[in-house]
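Peer 1: Listed in order, the protein sequences are those of chains A and B.
Going by the working numbering, the first sequence opens with residue 1, and the numbers climb by one from there.
Going by the working numbering, the second sequence opens with residue 1, and the numbers climb by one from there.
Hint data in this document are derived by calculation from the structure and do not stem from the laboratory.
Watch out, some of these pointers could steer you wrong.
Derived DSSO-like pairs: lysine-lysine, alpha-carbon spacing no greater than 30 Å straight-line [to be verified]:
1. K109(B) to K208(A)
2. K207(A) to K157(A)
3. K207(A) to K109(B)
4. K183(A) to K28(B)
5. K109(B) to K251(B)
6. K46(A) to K251(B)
Here are the chains, one letter per residue:
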Amino acid sequence: MLDWSVIFHYSPFFLKAAVLTLQISVISLIVGLVFGLVAALCVLAKNPLLQWPARFYVWLIRSTPLLVQLFIIYFGFPQFGLDLSPFWSGVLALALNTGAYNAETIRGGIQSVPAGQVEAARSLGMSAALTMRRIVLPQALRLIIPPLGNNFVILIKDTSLVSTITLVELTLTAQRLIGSTYKPFEMYLMAAFFYALLTTGATLLLKKLESRAAWSHA
Amino acid sequence: MKTTEEKTHPMIDIRGLRKCFGALEVLKGIDLQVAESEVLVLIGPSGSGKSTLLRCLNHLETPTSGEISINGERVNRTDLSARAFQRHLNRVRTHMGMVFQHFNLFPHKTVLENITEAPVQVLRQTREDARRTALELLERVGLLDKCDEYPARLSGGQKQRVAIARALAMQPSVMLFDEVTSALDPELVGDVLRVMEDLARDGMTMIVVTHEMGFAQRVADRVVFMADGDICEQGTPERIFNDPQQERTQKFLGDVL
Ligand SMILES: Nc1ncnc2c1ncn2[C@@H]1O[C@H](COP(=O)(O)OP(=O)(O)OP(=O)(O)O)[C@@H](O)[C@H]1O
Ligand SMILES: [Mg+2]
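All chains should be built: construct the whole structure from the sequences, respecting the hints.
Peer 2: And the structure:
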């Protein structure tokens with residue numbers, strides 16, 4: 001049977017850990033969106049000096065495990081004098097990772113805007129940059145909000161990996177409390193509960209955003 | 001008494017225009033001049049290069065060779081750096097309004113925003129000025145009541161009239177129409193053609209690619225028949241429709257009329 005008393009007793013610890021998990025997720029989300037947008041625009045650029053580095057970045061991230069990326073940043077970078085705190089190592093790894101997936105999502109969204117939209121804008125004298133900003137991206141946004149939301153949910157769950165670099169977020173909190181309570185089932189259940197709370201909250205928020213981005217229903 | 005100064009250059013001046021897609025030569029050295037206020041109707045079989053010709057004019061397609069000038073200003077300049085050329089293009093494009101077969105209205109903007117977008121963003125008009133012009137234009141095309149609708153709520157004919165208003169808002173010297181009624185239900189074609197006729201009457205210089213031979217006969221000052229990337233025959237509508245000289249023209253008109 002579940003031991004409800006430990007669950008109640010230790011829930012403040014989990015609440016605090018959930019706040020940290022949320023912080024890591026939101027900062028990584030924002031940085032990851034910037035990475036994704038820049039990488040997508042570079043991949044779509046005609047200039048090979050922009051295109052190839054961006055392609056390499058997307059390929060490298062998508063073909064290696066996040067855990068290894070995290071270890072390279074946290075354990076490997078200090079060898080070259082880049083000594084980031086666990087928090088910023090975690091954020092950097094997660095942002096780089098989700099950024100690569102965002103880049104693919106954003107690129108797909110941009111490419112699915114019909115060529116006629118760009119031609120109409122350019123024929124009115126709008127520059128390429130203005131056309132991207134005012135005409136293409138707003139239309140792409142509607143298409144990419146759902147898959148970007150999906151990436152965000154994955155990101156929240158992936159934050160559990162930063163438990164391996166001493167960040168006391170939900171997973172590591174559970175692990176540490178097991179050492180004193182000997183109740184692994186209850187502790188991991190608590191961690192799972194808070195993850196579900198965060199991801200479900202994010203999903204609901206995104207649904208709202210989605211309906212606001214829909215400009216017409218015809 | 002002052003004499004009105006005679007223009008020394010045509011409004012549209014195309015010389016030796018060639019366009020290749022890979023090995024395919026789509027335009028084979030077009031020479032064509034269009035005078036100010038002239039309405040030129042371009043006809044010809046599918047694949048003859050009519051759209052490509054229009055798209056070369058405002059550089060949506062890059063000509064392979066040849067010279068294009070609008071109102072005396074060279075469009076496809078070769079003396080500029082890539083950056084300066086883009087700026088040059090953005091500016092000369094504002095002198096040419098283009099209307100497309102499939103409207104290409106911006107679906108995320110209302111009718112009014114579709115029309116004010118470029119005047120505000122490109123010409124730096126104030127929002128109020130752009131709005132005032134847009135409302136005048138909407139009245140002119142008979143769609144004042146639709147100004148706050150999104151394009152998805154309009155019929156094809158209404159969309160196309162908004163697209164015309166959007167192009168006119170830039171106060172172009174030239175209007176290019178590429179089969180603007182081909183995607184419309186027959187009963188909606190008339191409204192769009194009427195707007196174009198009004199425009200012609202007001203003295204707009206126009207190149208119109210169309211299969212509406214009735215429109216060509218009523219409105220055109222000159223009809224140009226294209227075949228296989230070349231101008232095959234041209235003349236007044238009466239001449240082309242009643243007494244075509246070339247066999248290809250005769251055959252084409254026999255098929256469409
Ligand atoms: N981007 C492109 N790449 C390759 N070939 C092209 C391209 N655009 C047009 N073409 C070819 O150029 C030729 C002329 O096409 P264009 O669209 O100018 O003809 P059109 O006279 O407008 O025909 P339609 O009446 O069907 O619109 C066609 O053979 C077409 O396949
Ligand atoms: Mg065509």
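Peer 1: K207(A) and K157(A) were given as a pair; does the straight-line alpha-carbon distance stay at or below 30 Å?
Peer 2: Given pair K207(A), K157(A) holds - Cα atoms ~19 Å apart, limit 30 Å.
Peer 1: Do the alpha carbons of K46(A) and K251(B) lie within 30 Å of each other, as the hint requires?
Peer 2: Violated, at about 45 Å.
Peer 1: Would the pair K207(A) and K109(B) pass a check requiring their Cα atoms to be no farther apart than 30 Å?
Peer 2: holds (22 Å)
Peer 1: Within a Cα-Cα threshold of 30 Å, do K109(B) and K251(B) meet the stated pairing?
Peer 2: violated (44 Å)
Peer 1: Given the hinted pair K183(A) and K28(B), is their Cα-Cα distance within 30 Å?
Peer 2: Roughly 83 Å between the alpha carbons, so the hint for K183(A) and K28(B) is violated.
Peer 1: Between the alpha carbons of K109(B) and K208(A), is the straight-line distance 30 Å or under?
Peer 2: holds (20 Å)
Checked against the numbered hints above, the structure violates hints 4, 5 and 6; every other hint is satisfied.
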